[in-house]
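**Q** In order, the protein sequence lines correspond to chains Y and S. Taking my numbering, the leading residue of the first sequence gets 1, the next gets one more, and so forth. Taking my numbering, the leading residue of the second sequence gets 1, the next gets one more, and so forth.
Just so you know, the hints here were simulated from the structure itself, not pulled from any lab data. Be aware that one or more of the hints could be misleading.
Some chain Y residues judged to face chain S by a derived CB distance under 7 Å, without partners named [unchecked claim]:
id, residue
1, Thr132
2, Thr135
3, Trp136
Each residue gets a CB set at the ideal place from its N, CA and C atoms; glycine is no exception.
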Amino acid sequence: MAANIRTCVRASLVVSGTLAAMALTSSPASADTHRDDGDQPGTLMSASTAVLLFVGIPLLVAATVWLLASAPGWTRGGRVGATGTATFAGDPLVVDGSTDVSSAAASSAAADSSSTPAIEVATGLDVPPGGTSATW
Amino acid sequence: MPPGSSFSDDQRLALAAVIASAERVSGMPFRLYVGELSGGRAQAEALLAALGASAADTVLVAIDPGSRRLEIVTGPRAAQSLDDRTCALGALAMTSSFEADDLVGGIRNGVQLLADHSRHPARRHVSTF
C-alpha cells in the first residue's frame with residue numbers, strides 16, 4: 001500500500017515537472033499572443049491560400065524541374081543517326097577479329113554476315129549465353 | 001549501298017582496330033554487329049549461335065541505333081571470363097556515349113572496358129609427374 005502511494009507520488013512529480021518544464025520553455029512563444037502597443041497584426045490566411053502557398057507552389061516547382069529533366073529524353077526518342085552522320089542507313093555492319101583493317105574488307109565481311117538469318121538459326125549452345133541488354 | 005554505309009571509312013577502320021585490340025588484350029574473339037535488332041535479345045543470341053563452334057568463346061556486341069538498343073551476348077566459355085556485371089558496366093559506358101550521339105566512341109569505350117575487365121579463369125596446376 002505504501003509502495004503504491006510512493007509510486008503515485010513519484011509519477012505525479014515527474015508529470016508535473018515535465019509540464020512545468022514545457023510551460024517554461026514555451027513561454028516565449030505564448031508571449032506572441034499578447035498584443036503590445038504598436039502591433040499591427042495582419043489578416044489571417046485562409047485555408048485555401050495556405051494550401052496553395054505551401055503545397056501548390058512546391059508541387060509546381062517540382063513538376064517544372066521534372067519536366068525540364070525529362071523533356072530531352074522524350075524528344076530524342078525516335079532519333080537515328082547516332083553515328084554522328086545524318087542518318088543511320090540500316091545496313092548492318094559486322095566487325096570481328098578477322099576483319100582486315102580496311103574499309104573494303106570490312107564491307108565484304110559485313111556482307112557475308114548480313115545474310116545471317118535472324119532467329120531461325122539453331123543455337124547449338126548447350127548452356128544459355130550470358131551478357132546484358134540496354135537501351136538509351 | 002555497301003553494308004555499314006552509315007559509317008565513314010575512318011570509323012570502320014577505328015572499329016576494326018578496337019575489335020582487334022580487344023581480342024589481343026582479352027584473348028577472346030569479339031564480334032561487333034551494328035544493324036537492325038528487331039528480334040531483340042533472341043536475335044542477338046541467334047547471331048552469336050550462328051558463329052558455330054566459336055560461339056562459346058565469343059563476345060558479341062550487337063547495337064541497333066534505330067531502336068536504340070544494345071545487346072552484349074557472351075558465349076558460355078566467354079562468360080567465365082566476362083561476367084554479366086562487367087557486361088552491364090560496359091553497356092553503361094557505351095550507352096553514355098550513345099546518348100551523346102557518339103556511336104563509334106561509345107563502342108570504343110565499351111569494348112575496351114570489356115576487354116580490360118575480362119579475367120582469365122584460374123589455371124589449375126596439373127601434375128607433370
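**Q** So, for every hint listed, does it hold in this structure?
**A** Verification of the hints:
Interface hint status for Thr132/Y: upheld, as the beta-carbon distance to the closest one in chain S is roughly 4 Å, under 7 Å. Interface hint status for Thr135/Y: upheld, as the beta-carbon distance to the closest one in chain S is roughly 5 Å, under 7 Å. Given hint, Trp136/Y at the interface with chain S, holds; its Cβ is 4 Å from that chain's nearest Cβ, closer than 7 Å.
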